[in-house]
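Fit chain B to the known structure of chain A by using the hints.
Protein chains: 2
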Amino acid sequence: MKIILDAMGGDNAPEATIKGAVKAIKEIEGEIILTGNEDIINKKVKEIYGKETIQEISDRITIYNTTEEIKMEDIPTQAIKNKKDSSMVVGFRLLKEGKGDVFVSAGNSGALLTGATLIVGRIKGVDRPAIAPMLPSYKKGVMLVDAGANTNCKPINLLQFAQMANVYLKKIYHIKNPAIGLLNIGTEETKGNELIRESYKLLKKEAEEHGINFIGNIEGRDAFTGEIDAVITDGFTGNVFLKTVEGLGRLVKRTLTESLKKNIGTMLCALPSMPSIKRFSKTMDYKEYGGALFLGVQKPVVKAHGSSDEQLFYYTIKQAANFAKSGTVDIIKKEFEKKT
Amino acid sequence: MKIILDAMGGDNAPEATIKGAVKAIKEIEGEIILTGNEDIINKKVKEIYGKETIQEISDRITIYNTTEEIKMEDIPTQAIKNKKDSSMVVGFRLLKEGKGDVFVSAGNSGALLTGATLIVGRIKGVDRPAIAPMLPSYKKGVMLVDAGANTNCKPINLLQFAQMANVYLKKIYHIKNPAIGLLNIGTEETKGNELIRESYKLLKKEAEEHGINFIGNIEGRDAFTGEIDAVITDGFTGNVFLKTVEGLGRLVKRTLTESLKKNIGTMLCALPSMPSIKRFSKTMDYKEYGGALFLGVQKPVVKAHGSSDEQLFYYTIKQAANFAKSGTVDIIKKEFEKKT
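Heads up: the sequence lines are chains A and B, in that order. Going by our numbering, 228 is the number at position 228 of the first sequence; the sequence numbering is gapless. Going by our numbering, 322 is the number at position 322 of the second sequence; the sequence numbering is gapless.
If you're looking for bench data, these hints aren't it; they were derived computationally from the structure. A few of these clues could be false.
Identical copies carry no separate label here, and so any pair may be met within one copy or between two of them.
What the hints assert, rightly or not - Restricting the straight-line Cα-Cα distance to at most 25 Å, the calculated cross-link-like pairs of lysine-lysine (BS3-like) are: (1) K81 <-> K338; (2) K171 <-> K44; (3) K81 <-> K191; (4) K139 <-> K253; (5) K2 <-> K318; (6) K96 <-> K253; (7) K83 <-> K191; (8) K204 <-> K83; (9) K43 <-> K176; (10) K46 <-> K201; (11) K99 <-> K139; (12) K26 <-> K83; (13) K71 <-> K170; (14) K204 <-> K170; (15) K43 <-> K334; (16) K154 <-> K139; (17) K191 <-> K71; (18) K154 <-> K191; (19) K26 <-> K201; (20) K139 <-> K318.
On a predicted model such as this, the values are computed, not experimentally measured, just so you know.
Excised from the complex, chain A in its bound form:
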């Protein structure tokens, strides 16, 4: 198992990527290849650990030297085409050439999507790859597909999102018969815009053939009850959904903390219940649920959260190893071979 990690991607790189890799390597079998500027990485290693090179910390972590970086503000297609020696493009190339089993990056999301599609390539039969993060739900997570890869979708795309989510939830989360719902503004089949009404019909017709437990239309309020495993939607609505969850999560954290600290009396009184509050905040923090997978590309690609810290890189690397080991991508390939 070889995990390729874009050492330069994300708001806290390369410190957080290095620390995350060092922490994760102790718990995973296999190697981590860091793509990035060797000098910068080793300088940081010296700063953090007082060692000359990262190999002195673990001989299972290596650096693949690159000279460029894709920035958050770069235009995705241009960046992927022009920055051939960037940590991201090189990561994708190593993955494609079989020099690694999975690629993890917290870099520019649009560039990641472009790279996944242009360099690694779509699975034959999958019209549109999708981004699939896990969000917090009651006592477990809920998968969102598509979270923003495809602004404009057709019903066939949504059916394929459901097929891929189904395989993924079965293989990685060991859910026997994942409950998959279509995000709508009511549960009746006449509800929604044209895309959703047509997608409903298609899903209803094809679900059985694909072994999908399609539970019909669901509303945002149903998504977090713990009874639904995947929410299927177009990338525009899905991205609004994702960012609304994120925004509300921040509001919750901020308001709760301030409520408790409103005056010293309350703060002192609140101290005993802080572990519970922390546990709660953790449940609500969707970042705890790790990175988002790119479903529908030829090899496993995981998008880490842009603001990932050491802990989250550690978690996302382990998740990526699990994703690669599960063979989900090959099963998705077979699923789509049947049809084509």
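Same frame as chain A, now just chain B:
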């Protein structure tokens, strides 16, 4: 000031509507007219208060007897056309005839929208009326327009939503220069689907002429920071947004309560901070922000939440009185007269 209240509408009617009216009448000047079945209402009054009629409690509450009821499962257009003597249709009729100043109902949302449009009528120049609830944000509320009245929209509709929100926030919330944003999946003007891209252009072009402080595209994560006063979107996306907030709000409440009660030790420890937690839950509960207004109809109509209890009806009735008194509807009329 005469407030017409649909006594039979909502999950907890008529008990919650009666109690809410009795509580609200003490604090408002004017009268409340309950539309609904007189026998059922007075029987409930006897049960709750031990009085023969509601007039014995307050001579400023009267009943306008109706014999039918629109159910939650009724098809909106049919219900409005066929149930002429329902508490909802009669409420709308009284409003239209000037026998009341504002109509409040927690009944079937689709029927309310149909009734508002068909019976009360659109304001001249407003192509599509919209539903506008207030949602929790940091230290204040944020208005969402449209929350579900119009599944399919054109750019002109979104511009008009912004115009109406602008008047409303100035008049009712006394916000000098409300910050109005367009809900999108990125802040750049090239982002989003065609509707949103075109709406962005139109809003940017026309905002100044209408005195709108258009702050451009916003994402769901920006909506709750307290820096935005209104989120403009189509009814499909808006309804997904609203219900996601609702669902996540419930998850927060449930998870937090259970985190604190996990074991008796924690529960006892948590007791001192309970007032803070309650204050927090209240901030997060979007129902605390009252009913949703119908913007763009000839007279003030307020949709109370379907699951409203006594407290929420009390609050929504007061909000409705405020809405009617503010003259917002007349100002919206003038705003649109200018253009037509």
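Hint check:
Proximity of K81 to K338 under the C-alpha cut-off of 25 Å is found in neither arrangement, the shortest distances being 33 Å within a copy and 51 Å between copies. Within a single copy, K171 and K44 get their C-alpha atoms no closer than 37 Å, and across copies no closer than 56 Å, so neither meets the 25 Å cut-off. In this assembly of identical chains, the alpha carbons of K81 and K191 lie at most 25 Å apart only when taken from different copies (21 Å versus 42 Å within one copy). When the C-alpha separation of K139 and K253 is checked against a cutoff of 25 Å, the pair qualifies both within a copy, at 18 Å, and between copies, at 13 Å.
Proximity of K2 to K318 under the C-alpha cut-off of 25 Å is restricted to the intra-copy arrangement: shortest distance 12 Å within a copy versus 64 Å between copies. Proximity of K96 and K253 under a CA criterion of 25 Å is satisfied in neither setting, with 40 Å inside one chain copy and 45 Å between copies. For the homomeric pair K83 and K191, the shortest alpha-carbon distance between copies (23 Å) is at most 25 Å, but the shortest distance inside one copy (46 Å) is not. Taking identical chains as interchangeable, the C-alpha atoms of K204 and K83 are never at most 25 Å apart, the minima being 44 Å within one chain and 34 Å between chains.
Neither within a single protomer nor between protomers do K43 and K176 lie at most 25 Å apart by alpha-carbon distance, with minima of 47 Å and 52 Å respectively. Taking identical chains as interchangeable, the C-alpha atoms of K46 and K201 are never at most 25 Å apart, the minima being 59 Å within one chain and 51 Å between chains. Proximity of K99 to K139 under the C-alpha cut-off of 25 Å is found in neither arrangement, the shortest distances being 38 Å within a copy and 52 Å between copies. When the C-alpha separation of K26 and K83 is checked against a cutoff of 25 Å, the pair qualifies neither within a copy, at 33 Å, nor between copies, at 70 Å.
Proximity of K71 to K170 under the C-alpha cut-off of 25 Å is found in neither arrangement, the shortest distances being 35 Å within a copy and 41 Å between copies. Taking the shortest Cα distances, K204 and K170 sit within 25 Å of each other inside one copy (20 Å), while across copies they are farther apart (47 Å). Taking CA atoms no more than 25 Å apart as the test, K43 paired with K334 passes in neither setting, with 45 Å inside one copy and 66 Å between copies. Taking the closest pair of Cα atoms, K154 and K139 never come within 25 Å of each other, the shortest separation being 33 Å inside a single copy and 40 Å across copies.
Taking identical chains as interchangeable, the C-alpha atoms of K191 and K71 lie at most 25 Å apart only when they sit on different chains, with a minimum of 18 Å there against 41 Å within one chain. In this assembly of identical chains, the alpha carbons of K154 and K191 lie at most 25 Å apart whether taken from the same copy (17 Å) or from different copies (19 Å). Within a single copy, K26 and K201 get their C-alpha atoms no closer than 48 Å, and across copies no closer than 53 Å, so neither meets the 25 Å cut-off. Taking identical chains as interchangeable, the C-alpha atoms of K139 and K318 lie at most 25 Å apart only when both belong to the same chain, with a minimum of 21 Å there against 38 Å between chains.
Hint check: violations occur at hints 1, 2, 6, 8, 9, 10, 11, 12, 13, 15, 16, 19; the rest are consistent with the structure.
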